[in-house]
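Student: Dock chain B against the given chain A, drawing on the hints supplied.
So the sequences go chain by chain: A and B.
Residue numbers for the first sequence follow the numbering used here, beginning at 1 and rising by one.
Residue numbers for the second sequence follow the numbering used here, beginning at 1 and rising by one.
Possibly wrong hints are sitting among the right ones.
[Claimed, not checked] Label pairs and their in silico Cβ distance ranges:
#: 1; chain 1: A; residue 1: ILE48; chain 2: B; residue 2: ILE51; range: 41 to 49 Å
#: 2; chain 1: B; residue 1: ARG206; chain 2: A; residue 2: LEU45; range: 25 to 33 Å
#: 3; chain 1: A; residue 1: ASP228; chain 2: B; residue 2: SER44; range: 56 to 64 Å
[As the list claims (entries may be wrong)] The calculated BS3-like cross-link candidates involving lysine-lysine, where the alpha carbons are at most 30 Å apart (straight line), are:
#: 4; chain 1: A; residue 1: LYS493; chain 2: B; residue 2: LYS232
#: 5; chain 1: B; residue 1: LYS169; chain 2: A; residue 2: LYS25
#: 6; chain 1: A; residue 1: LYS63; chain 2: A; residue 2: LYS166
#: 7; chain 1: A; residue 1: LYS250; chain 2: A; residue 2: LYS198
#: 8; chain 1: A; residue 1: LYS211; chain 2: A; residue 2: LYS198
#: 9; chain 1: A; residue 1: LYS63; chain 2: A; residue 2: LYS75
#: 10; chain 1: A; residue 1: LYS307; chain 2: A; residue 2: LYS255
#: 11; chain 1: A; residue 1: LYS250; chain 2: A; residue 2: LYS34
#: 12; chain 1: B; residue 1: LYS210; chain 2: A; residue 2: LYS493
#: 13; chain 1: B; residue 1: LYS169; chain 2: A; residue 2: LYS34
#: 14; chain 1: B; residue 1: LYS89; chain 2: B; residue 2: LYS101
#: 15; chain 1: B; residue 1: LYS89; chain 2: B; residue 2: LYS125
I should point out that these hints are in silico values taken from the structure, not numbers from a laboratory.
By construction, the Cβ of each residue, glycine as well, lies at the ideal position given by its N, Cα and C atoms.
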Amino acid sequence: MLERRREVREGLIRYLARSLRSNFKEVWAYNLGKMSMLIIGFMVLVSIYSLVSLPSDFPQMWKASDRPPWTLNPKQGYPVWVKYLGIPVAETVSYDNVRLQEARIVTPRGPGDFPPRDLDRIVPEYGRSLGIKTLTPIGYIEVYRVSYTSTSSVFPQDVVVILRAKASEGVNLTSISVVPMVFVTRPDGLVLYTFEGKYTLERLVSGVEVKMRCDLFATSYIRYYGLDATVDSVCTLLNRPVFGEPLDVKASDFKTVTGEYQITLALWYTGADPRAVERLISNGDVSVSTSIRVIGNSYGLLGTDTKGRDLFQGLLFGFPVALIIGFSVAFAIVAIGLVLGVISGYFGGRVDEVIQRLVDVIVNIPLLPLLILVGVAIQTGGWVGWPALTIIMAVLVAFSWGGTTIIVRSITLSIKAEPYVEAAKALGASTWRIVFRHIIPQIIPYATAVLVFSVPGAIIAEASLSVLGIDHGLPTWGRILADAQAERGVAYKMWWWVLPPGLMLGLFSFAFVALGFTLETIVEPRLRRR
Amino acid sequence: MPLDRRSLRIIGFRAITLSVTLVLVLIMTAIIVGATGYDRVILSAIIREEIRQYREELTRPGSGLPREEVERLVAEYREYLIRTYGLDKPWYQRSLSLIPKVIVLDLYVSQAEVAGVVGLSPPVKVGDAIAVALPRTIVMITIAYIVSALIAIPLGPFIAYRRGSTLDKGIITYAAITNAFPTWWIAMLAVALSGFYLGVAPTSYRPIAKLISDFTSNLLSLDVAGLAVVFKDILYYSYLPILVVTFATLGGWLYSARAVAIRVVSEDYVMAAKARGLSEGRVVRRYVMRVIAGPILTFVILGLAGSIGGYIITETVFDWPGMGLLYYASIAAGDSPMVLALVYVTTLVYIAARFILEVLYVILDPRVKL
Numbered sequence: 001m002l003e004r005r006r007e008v009r010e011g012l013i014r015y016l017a018r019s020l021r022s023n024f025k026e027v028w029a030y031n032l033g034k035m036s037m038l039i040i041g042f043m044v045l046v047s048i049y050s051l052v053s054l055p056s057d058f059p060q061m062w063k064a065s066d067r068p069p070w071t072l073n074p075k076q077g078y079p080v081w082v083k084y085l086g087i088p089v090a091e092t093v094s095y096d097n098v099r100l101q102e103a104r105i106v107t108p109r110g111p112g113d114f115p116p117r118d119l120d121r122i123v124p125e126y127g128r129s130l131g132i133k134t135l136t137p138i139g140y141i142e143v144y145r146v147s148y149t150s151t152s153s154v155f156p157q158d159v160v161v162i163l164r165a166k167a168s169e170g171v172n173l174t175s176i177s178v179v180p181m182v183f184v185t186r187p188d189g190l191v192l193y194t195f196e197g198k199y200t201l202e203r204l205v206s207g208v209e210v211k212m213r214c215d216l217f218a219t220s221y222i223r224y225y226g227l228d229a230t231v232d233s234v235c236t237l238l239n240r241p242v243f244g245e246p247l248d249v250k251a252s253d254f255k256t257v258t259g260e261y262q263i264t265l266a267l268w269y270t271g272a273d274p275r276a277v278e279r280l281i282s283n284g285d286v287s288v289s290t291s292i293r294v295i296g297n298s299y300g301l302l303g304t305d306t307k308g309r310d311l312f313q314g315l316l317f318g319f320p321v322a323l324i325i326g327f328s329v330a331f332a333i334v335a336i337g338l339v340l341g342v343i344s345g346y347f348g349g350r351v352d353e354v355i356q357r358l359v360d361v362i363v364n365i366p367l368l369p370l371l372i373l374v375g376v377a378i379q380t381g382g383w384v385g386w387p388a389l390t391i392i393m394a395v396l397v398a399f400s401w402g403g404t405t406i407i408v409r410s411i412t413l414s415i416k417a418e419p420y421v422e423a424a425k426a427l428g429a430s431t432w433r434i435v436f437r438h439i440i441p442q443i444i445p446y447a448t449a450v451l452v453f454s455v456p457g458a459i460i461a462e463a464s465l466s467v468l469g470i471d472h473g474l475p476t477w478g479r480i481l482a483d484a485q486a487e488r489g490v491a492y493k494m495w496w497w498v499l500p501p502g503l504m505l506g507l508f509s510f511a512f513v514a515l516g517f518t519l520e521t522i523v524e525p526r527l528r529r530r
Numbered sequence: 001m002p003l004d005r006r007s008l009r010i011i012g013f014r015a016i017t018l019s020v021t022l023v024l025v026l027i028m029t030a031i032i033v034g035a036t037g038y039d040r041v042i043l044s045a046i047i048r049e050e051i052r053q054y055r056e057e058l059t060r061p062g063s064g065l066p067r068e069e070v071e072r073l074v075a076e077y078r079e080y081l082i083r084t085y086g087l088d089k090p091w092y093q094r095s096l097s098l099i100p101k102v103i104v105l106d107l108y109v110s111q112a113e114v115a116g117v118v119g120l121s122p123p124v125k126v127g128d129a130i131a132v133a134l135p136r137t138i139v140m141i142t143i144a145y146i147v148s149a150l151i152a153i154p155l156g157p158f159i160a161y162r163r164g165s166t167l168d169k170g171i172i173t174y175a176a177i178t179n180a181f182p183t184w185w186i187a188m189l190a191v192a193l194s195g196f197y198l199g200v201a202p203t204s205y206r207p208i209a210k211l212i213s214d215f216t217s218n219l220l221s222l223d224v225a226g227l228a229v230v231f232k233d234i235l236y237y238s239y240l241p242i243l244v245v246t247f248a249t250l251g252g253w254l255y256s257a258r259a260v261a262i263r264v265v266s267e268d269y270v271m272a273a274k275a276r277g278l279s280e281g282r283v284v285r286r287y288v289m290r291v292i293a294g295p296i297l298t299f300v301i302l303g304l305a306g307s308i309g310g311y312i313i314t315e316t317v318f319d320w321p322g323m324g325l326l327y328y329a330s331i332a333a334g335d336s337p338m339v340l341a342l343v344y345v346t347t348l349v350y351i352a353a354r355f356i357l358e359v360l361y362v363i364l365d366p367r368v369k370l
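The shape of chain B in the complex, shown without the other chains:
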């Protein structure tokens, strides 16, 4: 669809706002880590890593340097690094030097157990760790969202036609309840009940990491039998998280689908179609669904960006080796470079998602104003 000048202007304006937001978040991050002295911890970790690499280089076989010489060079290098990173200066001069490194993710994971979450062993660049974890998170959320959409969009008009019925009231109650309880707590209950009490689901989901890599290697080698076996295991490990996230999001989806559909089913052209004697199914498919699908999708997908944060915690509960567990592990181990990188990447993903969705919004609904 070609975009007119007005839409382009709106999109351009959004892009500027969001870029300003990202820059502001970075500056705030610098202030937070600087004013609390947290950047000292992060920079020390960076310096430790660089010195380790430098020493390795110096003591490589064949370099022929005597030990005292190596120690002297290392000490000199340490002095140099401390000066470069400004550990001898007040925080407001120092924190700014951190920002460029964060933007290009030029940081190293400082704790081995954090790298272990994504199945790597140090030295690991934070970007590599996130590159492994992020898709796992997105896959889980996306599948749950698709399942929710497939249920909610056809069901919305069906409920809207039965406004005030027991079913309608039941759906509203269900939406209210799932809205009130945090998704991660529902996840806790699900893991406790089906994992620990009934034993029909796993209690820890970490093996999924190996299964996913097995799956891709089988896929590449076209091993169909192996693929089936691995797929069955993946299903075993993923059905509960998907079920829980779907259960928790479905209420909101149904509620908004119902709200949109109620407006549409009382429109004149729908009434006219009904008056012509068309069956309910036909009216819904032909006249209602087409109209409501767009608004529901944009409406709820806009919420997706906001809910990524919530899934991070749900993942922690499942021990699902995605972004959530990476957060949990790096907070627990005090891996400060990783925490900083995660905050940055989550913000970036959020803002990028927001931008894409707002562009979609402008394209789908030409009435959107600045």
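Next up, chain A with everything else stripped away, as it sits in the complex:
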């Protein structure tokens, strides 16, 4: 008995493998089928790439939109390639671990030497720049310089300096402080003092990002250009006075100054004896790595949203999620429909009656309101991420198996009436054997078509719920569109935000519907033939 059952099972698996192979060939023979297979294959490949390339905590990263790496990207940044379409953009350029240009100990050489001439030798920008310097560096100073070329009529958004310290055990991190000073030397020769601050080494160990400050240079800037404007009005958009020159005395509009910019970072180590600091650094006991990033207004393959999040990465994350949601929901629906449909059709009687009445109720329930209710309830209950999504998927499955059950039941009924099933029964075949040998193999092709048809429904439902404001916390295509909807005033002007996720949703469901149609045309005549 057990032996027989195993035989039946292996036969079924062999049959499935065979039919899968031949089905694949048949699907490939149709143009529509070929197209859908190519799209689905592409989606699977991208999903694998996405799983490999994105960090495992990407959803949490995406949610923390006020933290790096997003804060280091331009806000509402264009995709980088739009420059080939003739749209002027400012590039985002990252200078990672900038090489130290010069370092020395600056001290006054005598009573009249203040600010010391040494300083002018190592950081000539200090004396020449516009801006209020509250500190005069005396001690160990490191200087870093990078250059950035601005060619377009667009202002870069900001300059960020990222400092991170490493120190050996035993170094007193709180006694030594670092004062970063940032100067921007423009192509027209004007030097602006854009940053000054003070951090202990301890603070730098966890990393610090500093952005430009307008208040330092604004007053001298107004005097330099002879403007009739307030600090506030000059500083409304900080990047404009830095990368441009005012067009009128009111400073209501600016024009970019194009050419080569030089960004100078002077790191002044204070709080300890300069020689001791120099020794610590040359021994490698203390090291501060420096990165400078000019934030343009373009970033990545698909630009950024209003918070600077890379939309390409967001889109990439959506691929595996869409496949997982789509397939698991479709698979569950078909599995339930198959089991209940076969039971209902084969056994009939009271079981059939109960299942049919249940189906009557299920197909009459509107899904969306219930999904909304569940979504709001789990949101209030504090569920986020995959658990929340799983609950939504479970509800989707629970109310979607009705249609499949009806189809499977009618196929089962027609197969049950076939002479060879009667013959098998007369020969004494068990119910198990008839169901697995004669009924299920014939339903499988149909079930596959139903499965393929049901894949896009789930992901569209998820996207719809997101747009209605139910936040499960994962960056899906629907979530990205929901974010755009929430900030429609600005987001709708950013085609790179609204267009790609929707296109992917459409491509995804088109591929599966097309594959479903192809499978159906293959399956249909076969069913009729039998």
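Tutor: For chain B alone, coordinates are given in the frame of chain A:
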């Protein structure tokens, strides 16, 4: 048309199934809100509202109650309410008390901004808010459906006659594309393109609420000139939503009209009519259209009930102040009584629509079996 006993039995059976469905949905709703603790939020909102009313009553000028007395009474009343609503009991005893209130919509909107969507200020009963929003949704869908029908029904046979032509292929592609993309995303693109990039359509549709009320008041006062002005504004605010919904639904309509027509145009009597030398237009009008109009209407109208949900989201995208925006606002503001009422009313509308359509179906097609 008089109904025979068989049809009546079918209709009666449908009515029972649908009522059972509604009851089951209510029970499920109770379980969902109860098991997740969401009903606690809803009941607290109800109690807050009732206490507010009670306090107002107590502190009415002339009641002469000292403040301590008022506070004592309010605290007592709160205790009483907590006991009545079962907030001190486990959820399965408590949630059931919510159901009767939902059925008669005896709930209040708890957040002011939600009431603002329909242009009312609190205290607002959820039923009143829905009564304002629901017609706006139905009007938009109905107009788009009528436009689709007017295009699809005459065009169906025309395409069916040209099966396999470029036009036919184009229509199928169009149907496949609009089927693949969610309507609300097409709406997003339309708003972005014509509202934000080209500036030929509004970017927010909320003013339509005021325009509709202006329209009715002008209509009542028979102010023809004012009516024309308001109508022009209404047209400005409504052309894009109607266009988008029509664009998105037309594909499906054309596809099903074509499918029905293909079956009919190859029928013998149509062939015979053609053989008699009648013109194509005459054959279509006299012999094809009459037959296909019924099936197409029932077929697609049955889909209407199912697509109400989809329009809710499309509305949100347009900021169109109907059911969709009401949903969006109450989810965003955490207005739980409103969410519950909306779920109930949407289900009710869906089930009622389904019932009416199934009755129509039985009447139009006597072959329908149980």
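Student: Could you work out which of the previously given hints the structure breaks and list their numbers from low to high?
Tutor: 1, 2, 7 and 11
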